[in-house]
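Working from the sequences, and respecting the hints, build out all of it.
Line order of the protein sequences matches chains A and B. The first sequence runs 189 to 545 under this note's numbering. The second sequence runs 3 to 156 under this note's numbering.
Worth double-checking, as some hints may not be accurate.
[Stated by the list, open to error] In the DSSO-like style, the derived pairs of lysine-lysine whose C-alpha atoms are separated by at most 27 Å in a straight line are:
hint	chain 1	residue 1	chain 2	residue 2
1	A	K500	B	K57
2	A	K471	A	K500
3	A	K238	A	K460
4	A	K345	A	K467
5	A	K393	B	K57
6	A	K367	A	K380
[Stated by the list, open to error] Derived DEER-like restraints, expressed as beta-carbon distance ranges:
hint	chain 1	residue 1	chain 2	residue 2	range
7	B	M3	A	G385	43 to 49 Å
8	B	P106	A	G252	24 to 30 Å
9	B	G63	A	R233	18 to 24 Å
10	B	P106	A	R233	36 to 42 Å
11	B	L23	A	Q237	33 to 39 Å
12	B	N9	A	Q242	32 to 38 Å
13	B	E52	A	Y377	28 to 34 Å
14	A	G252	B	T11	40 to 46 Å
[As the list claims (entries may be wrong)] Residues of chain B placed beyond 10 Å of chain A at every Cβ, according to the derived structure:
hint	residue
15	N9
16	T11
17	G20
18	R28
19	V35
20	M53
21	Y56
22	K90
23	D107
24	P112
For the record, the hints were derived by calculation from the structure and aren't laboratory data. Where a beta carbon is used, it is the ideal one built from N, C-alpha and C, also for glycine.
Okay, here's what each chain looks like letter by letter:
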Amino acid sequence: MSMLVPFGPQHPVLPEPLQLRLELSDEKVISALPVIGYVHRGLERLAEQKDFIQDTYLIERVCGICSFIHSMTYCMGIEEMMNIAVPPRALYLRTVWSELHRMHSHLLALGLLADAFGFENLFYSLWRIREEIMDAMEATTGGRVMLGSCCIGGVRKDIDPAQAQFVLEKLANVERALKRPAEVLIGDYTVKQRLVGVGVIDGKKAYELGAVGPTLRGSGVLRDHRTTGYAAYGELDFEPVVEQDGDCYARTLVRIGELRQSIALVRQALGKLPDSELKTPFKGNPEGEVAVRAEQPRGEVLYYLRGNGTDKLERLRIRTPTFANIAPLLTMLVGCNLADVAVIILSIDPCISCTER
Amino acid sequence: MMTVQENLTLENQQERIGALLLRGYRFVTMTVVDVGEAFDIYYHFDLDYEMTVYKLALPKGTELPSISGICFAAVIVENEIQDLFGIKVVNLAIEYERHFLLAPDAPAAPFCRVPGVGVTAVATDGKGNLSAPPPAPPLASAPADAAAMQGGVR
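What follows is the structure, encoded as structure tokens:
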């Protein structure tokens, strides 16, 4: 005898409205059906009614966490359509702000995960560290989340030596402060009891179901779009973080590894910051169609853009990483205990704002 | 610029996409563009960071066969397409009856170039008048859903 339990959309551990209709047999999940649409905004349609320059700032509002990477990916698409070469300094600055966004997103996700398994002190500790990153973004752009610093052809803001020094100091603080929470996340007995062997998906299944980002890399599949070398990634030294076990613990380890990696990437980028203009002037309107991808904190994002030679795009489509991770999530949930559902959901770091656009 | 590797037809869509998946391609997403008399439907796949795009030109008023039977990852985006463009996608692994993203009282096919005038709208009332598709029944509450879920979730 099975019963149906609606999990969400209002739930203490879900930061955004997502409902899963769980079919349970006693405490075991037999199947899960996602129900979304609570915050659908139709931004893709709205973007077709604004001009393509205004869209840069509209697109940044797709997400309140990885906003910069959205605007950057959009700009990359327009630049490809219009053959605009972005100056080297702008590429490095884009990389710096992308990695700062990745860090604050991963700290946010790890904190929410800790909250999901009831470790509130860990949650507060991780979010306190996140404030350091927010300070670094505010100091360099004036915004804590919506940076407004990316534009078609480059960036609107620079990082001067004093600001770069401030960012480096903040990174040193993050590195120092992260040690203890990372030790707890990696080695604490109760944390491991809640994460190890929970929500398992093997690499083959994750790949077939279209998983991306830490959800895919936590299952042993090396797939990180930064390795294609967009922005300044091609000139920086890094290896994607991959874990093999495919459970909540593996996905957590990937995010911890990527936090450390992002610190190293920002240091490298600031250390090599070339001198050049910040943006390339351009004329005209986009024409043709492109599909561009970038690596967000949750995984690969895809932008499809079609221009018709006017100042308005004919079509703008965004495939966000959480959208791709919903199908794998449904597989992870089958057979788990009801008490683990929240932990498994948070382990893919869902962003419903992105998903519903 | 994006290159379309192959133009699909309704007859070979399942076979060609199935063959691609067997060769190890990962499903990325689908994109729909309203081009007036038809929809351009793009299937994006990835292998080793290289994107492969298949295109299907779907005349308005035609049903789109779902690929969720051979590629479950597509089920979410196919439901989204059904909501936003009013395209009837048949044989979906999970069928939301056009209310995956949209509320029961939301406008029909809001992403069509002329909102509400999507695929089913072309199936006119016999006098050439376009009409919006009838609203699907709202997602029922728990007891009725249990049966729906058992039939709908694979």
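Checked hints:
1. A:K500 x B:K57: holds, 23 Å
2. A:K471 x A:K500: Given pair K471 of chain A, K500 of chain A holds - Cα atoms ~14 Å apart, limit 27 Å.
3. A:K238 x A:K460: violated, 37 Å
4. A:K345 x A:K467: The given pair, whose Cα atoms are some 10 Å apart, holds under the 27 Å limit.
5. A:K393 x B:K57: holds, 26 Å
6. A:K367 x A:K380: holds, 17 Å
7. B:M3 x A:G385: 43 to 49 Å: With a Cβ separation near 46 Å, M3 of chain B and G385 of chain A satisfy 43 to 49 Å, so the hint holds.
8. B:P106 x A:G252: 24 to 30 Å: holds, 27 Å
9. B:G63 x A:R233: 18 to 24 Å: At 22 Å between Cβs, range holds.
10. B:P106 x A:R233: 36 to 42 Å: At 19 Å between Cβs, range violated.
11. B:L23 x A:Q237: 33 to 39 Å: 36 Å Cβ-Cβ, so the 33 to 39 Å window holds.
12. B:N9 x A:Q242: 32 to 38 Å: holds, 34 Å
13. B:E52 x A:Y377: 28 to 34 Å: violated, 44 Å
14. A:G252 x B:T11: 40 to 46 Å: Given a distance of about 42 Å, which is inside 40 to 46 Å, the answer is holds.
15. N9: At about 15 Å from chain A, N9 of chain B clears the 10 Å cut-off, so the statement holds.
16. T11: holds, 21 Å
17. G20: Holds, since 13 Å exceeds 10 Å.
18. R28: The assertion about R28 of chain B is violated, with a minimum of 6 Å to chain A.
19. V35: Per Cβ check, V35 of chain B is inside 10 Å of chain A; nearest 5 Å; violated.
20. M53: Answer for M53 of chain B: violated, closest chain A Cβ roughly 6 Å.
21. Y56: Y56 of chain B clear of chain A: closest Cβ-Cβ about 12 Å, beyond 10 Å.
22. K90: holds, 19 Å
23. D107: holds, 12 Å
24. P112: Its Cβ does come within 10 Å of chain A, the nearest being 6 Å, so this is violated.
Of the numbered hints stated above, those contradicted by the structure are hints 3, 10, 13, 18, 19, 20 and 24, listed in ascending order.
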